[in-house]
Amino acid sequence: SQQGEEDPQALSIQEGENATMNCSYKTSINNLQWYRQNSGRGLVHLILIRSNEREKHSGRLRVTLDTSKKSSSLLITASRAADTASYFCATDAVQAGTALIFGKGTTLSVSS
Amino acid sequence: DVKVTQSSRYLVKRTGEKVFLECVQDMDHENMFWYRQDPGLGLRLIYFSYDVKMKEKGDIPEGYSVSREKKERFSLILESASTNQTSMYLCASRMAQGGYTFGSGTRLTVV
Numbered sequence: 198s199q200q201g202e203e204d205p206q207a208l209s210i211q212e213g214e215n216a217t218m219n220c221s222y223k224t225s226i227n228n229l230q231w232y233r234q235n236s237g238r239g240l241v242h243l244i245l246i247r248s249n250e251r252e253k254h255s256g257r258l259r260v261t262l263d264t265s266k267k268s269s270s271l272l273i274t275a276s277r278a279a280d281t282a283s284y285f286c287a288t289d290a291v292q293a294g295t296a297l298i299f300g301k302g303t304t305l306s307v308s309s
Numbered sequence: 006d007v008k009v010t011q012s013s014r015y016l017v018k019r020t021g022e023k024v025f026l027e028c029v030q031d032m033d034h035e036n037m038f039w040y041r042q043d044p045g046l047g048l049r050l051i052y053f054s055y056d057v058k059m060k061e062k063g064d065i066p067e068g069y070s071v072s073r074e075k076k077e078r079f080s081l082i083l084e085s086a087s088t089n090q091t092s093m094y095l096c097a098s099r100m101a102q103g104g105y106t107f108g109s110g111t112r113l114t115v116v
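For the protein sequence lines, the chains are B and W, in the order given.
All residue numbers for the first sequence refer to our numbering, where the first residue is 198 and numbers rise by one.
All residue numbers for the second sequence refer to our numbering, where the first residue is 6 and numbers rise by one.
Calculated from the structure, these hints are not laboratory results.
Just so it is clear, the structure is predicted and the values come from calculations on it, not from any experiment.
A virtual CB, placed ideally from N, CA and C, is assigned to each residue, including glycine.
Hints are supplied without guarantee of correctness; some may be wrong.
[To be verified] In silico DSSO-like pairs for lysine-lysine, Cα to Cα no more than 30 Å straight-line:
#, chain 1, residue 1, chain 2, residue 2
1, B, 223, W, 60
2, B, 266, B, 301
3, B, 266, B, 253
4, W, 8, W, 60
5, W, 23, W, 75
6, B, 301, B, 267
7, B, 267, W, 18
8, W, 18, B, 223
9, W, 23, W, 76
10, B, 301, B, 253
11, B, 267, B, 223
12, W, 8, W, 23
13, W, 75, B, 223
14, W, 62, B, 223
15, W, 18, W, 76
16, W, 58, W, 8
17, W, 75, W, 18
18, W, 62, W, 75
19, W, 62, W, 8
20, W, 18, B, 301
21, W, 23, W, 62
22, W, 76, W, 8
23, W, 23, B, 223
24, W, 23, B, 253
[Unchecked claim] So the derived list for chain W, only partly shown, Cβ under 7 Å to chain B, looks like this:
#, residue
25, 32
26, 44
27, 55
28, 91
29, 100
30, 104
31, 107
32, 108
33, 110
[Said to hold, decoys possible] Taking beta-carbon pairs under 10 Å as the criterion, some of the chain B residues facing chain W (in silico):
#, residue
34, 217
35, 221
36, 223
37, 225
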């Protein structure tokens, strides 16, 4: 039951540019979360946005949520080579109990 | 630092073996989860637990079982390992509806 779908699947940019990743989902949610995964490692929680919030910031990260369109975006400003990783959105669906449902991720490559 | 610890980073097992993957968290979280991650398929939920001795099947429970005898420990068991269970296994925990804390993952190869 894949709920979130990220777009694009892969993104390549230069250092200093902004990176935007999008996530669409299907059912009502309590919140939506974004995670980062460096190659071969576990995922790291980046940011959580609740269903009654429209925008949230954390450092160079900006997340928006549009519940009417069932979509979210993650913007990373002034990208660095260290931002190279896979990024996943995860939805805390109202019907899904306590388990998050993850998308397949966007692979971001930032070159110097 | 709070953490989720998975007992092995890399594991190689033979077909038919019984395999135990251990996960321990030190955050007093009620909820614990096991996912597997495969290229092109993303993260798929195997089992989760919302309390000691409680378990719920996820999307792909076949061939797996779990054990949660203590709050801090959630074990994934492959009853009879098969080559199609070669994968990266990720354990996570959380309180209520917050974010997950993940372990570093166990890359299991079944030969």
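How the hints compare with the structure:
Proposed proximity of residue 223 of chain B and residue 60 of chain W is supported: the alpha carbons are some 26 Å apart, at most 30 Å. Proximity of residue 266 of chain B to residue 301 of chain B is assessed by CA-CA distance (about 19 Å); at most 30 Å being required, the pair is judged to hold. For the hint pairing residue 266 of chain B with residue 253 of chain B, the CA-to-CA distance comes to about 17 Å; that is within 30 Å, so the pair holds. Taking the CA atoms of residue 8 of chain W and residue 60 of chain W, the gap is near 22 Å; set against the 30 Å cutoff, the hint holds.
Straight-line distance between C-alpha atoms of residue 23 of chain W and residue 75 of chain W comes to about 21 Å, which keeps the hinted pair within the 30 Å bound. At roughly 17 Å between alpha-carbon atoms, residue 301 of chain B and residue 267 of chain B fall within 30 Å of each other, so this suggested pair holds. Restraint check: the Cα-Cα separation between residue 267 of chain B and residue 18 of chain W comes to about 42 Å, which exceeds 30 Å; the hinted pair is violated. About 38 Å separates the Cα atoms of residue 18 of chain W and residue 223 of chain B, which puts this hinted pair outside 30 Å; it is violated.
The hinted pair formed by residue 23 of chain W and residue 76 of chain W meets the criterion: a straight-line CA distance of about 23 Å does not exceed 30 Å. Among the hinted pairs, residue 301 of chain B with residue 253 of chain B is consistent with the structure: their alpha-carbon atoms are about 22 Å apart, no more than 30 Å. Between the alpha carbons of residue 267 of chain B and residue 223 of chain B the distance comes to roughly 7 Å, so the proposed pair stays at or under 30 Å and holds. With a C-alpha separation of about 27 Å, the suggested pair residue 8 of chain W and residue 23 of chain W falls inside the 30 Å cut-off, and the hint holds.
For the hint pairing residue 75 of chain W with residue 223 of chain B, the CA-to-CA distance comes to about 35 Å; that exceeds 30 Å, so the pair is violated. At most 30 Å may separate the alpha-carbon atoms for a hinted pair to count; residue 62 of chain W and residue 223 of chain B meet this at roughly 21 Å. For the hint pairing residue 18 of chain W with residue 76 of chain W, the CA-to-CA distance comes to about 28 Å; that is within 30 Å, so the pair holds. Of the supplied pair hints, the one linking residue 58 of chain W and residue 8 of chain W holds, its CA atoms being roughly 22 Å apart against a limit of 30 Å.
For the hint pairing residue 75 of chain W with residue 18 of chain W, the CA-to-CA distance comes to about 26 Å; that is within 30 Å, so the pair holds. Between residue 62 of chain W and residue 75 of chain W the CA atoms are separated by roughly 19 Å; this keeps the pair inside 30 Å, and the hint holds. Restraint check for residue 62 of chain W and residue 8 of chain W: satisfied, since their Cα atoms lie roughly 24 Å apart, inside the 30 Å limit. Simply put, residue 18 of chain W and residue 301 of chain B have alpha-carbon atoms about 27 Å apart, close enough for the 30 Å limit, and the pair holds.
A hinted pair counts as satisfied when its Cα atoms are at most 30 Å apart, and residue 23 of chain W with residue 62 of chain W qualifies at roughly 19 Å. A distance of roughly 14 Å separates the Cα atoms of residue 76 of chain W and residue 8 of chain W; the hinted pair therefore holds under the 30 Å criterion. Proximity of residue 23 of chain W to residue 223 of chain B is assessed by CA-CA distance (about 37 Å); at most 30 Å being required, the pair is judged violated. In summary, the hint linking residue 23 of chain W to residue 253 of chain B is not supported, as the alpha carbons are separated by about 45 Å, beyond the 30 Å threshold.
Taking 7 Å as the C-beta contact cut-off toward chain B, the hint placing residue 32 of chain W at the interface is violated, the least distance being around 13 Å. A hinted interface residue such as residue 44 of chain W counts as satisfied when its beta carbon comes closer than 7 Å to some beta carbon of chain B; here the least separation is about 10 Å, so the hint is violated. A distance limit of 7 Å between C-beta atoms decides the matter here; for residue 55 of chain W the minimum to chain B is near 5 Å, and the interface restraint holds. For residue 91 of chain W, the interface hint is violated, since its Cβ never comes within 7 Å of a Cβ in chain B; the closest pair sits about 15 Å apart.
The closest approach between the C-beta of residue 100 of chain W and any C-beta of chain B is roughly 10 Å, which is over the 7 Å cut-off, so the hint fails. For residue 104 of chain W, the shortest C-beta to C-beta distance to chain B is roughly 4 Å, which falls under 7 Å, so the interface hint holds. Annotation: interface hint on residue 107 of chain W holds; nearest CB of chain B at approximately 4 Å, less than 7 Å. With a cut of 7 Å, the hint placing residue 108 of chain W at the interface with chain B holds, because the nearest CB-to-CB distance is about 5 Å.
Because the closest C-beta pair between residue 110 of chain W and chain B is about 5 Å apart, less than 7 Å, the hint holds. Because the beta carbon of residue 217 of chain B sits about 20 Å from the nearest beta carbon in chain W, more than 10 Å, this interface hint is broken. The interface hint given for residue 221 of chain B is broken, as the beta carbon of that residue sits about 14 Å from the closest beta carbon of chain W, more than 10 Å. Contact between residue 223 of chain B and chain W, as hinted, is not supported at the beta carbon level, the nearest pair being about 15 Å apart and thus beyond 10 Å.
Interface restraint check for residue 225 of chain B: the shortest CB-CB distance to chain W comes to about 14 Å, outside 10 Å, so the restraint is violated.
The structure does not agree with the numbered hints 7, 8, 13, 23, 24, 25, 26, 28, 29, 34, 35, 36 and 37 stated previously, though it agrees with the rest.
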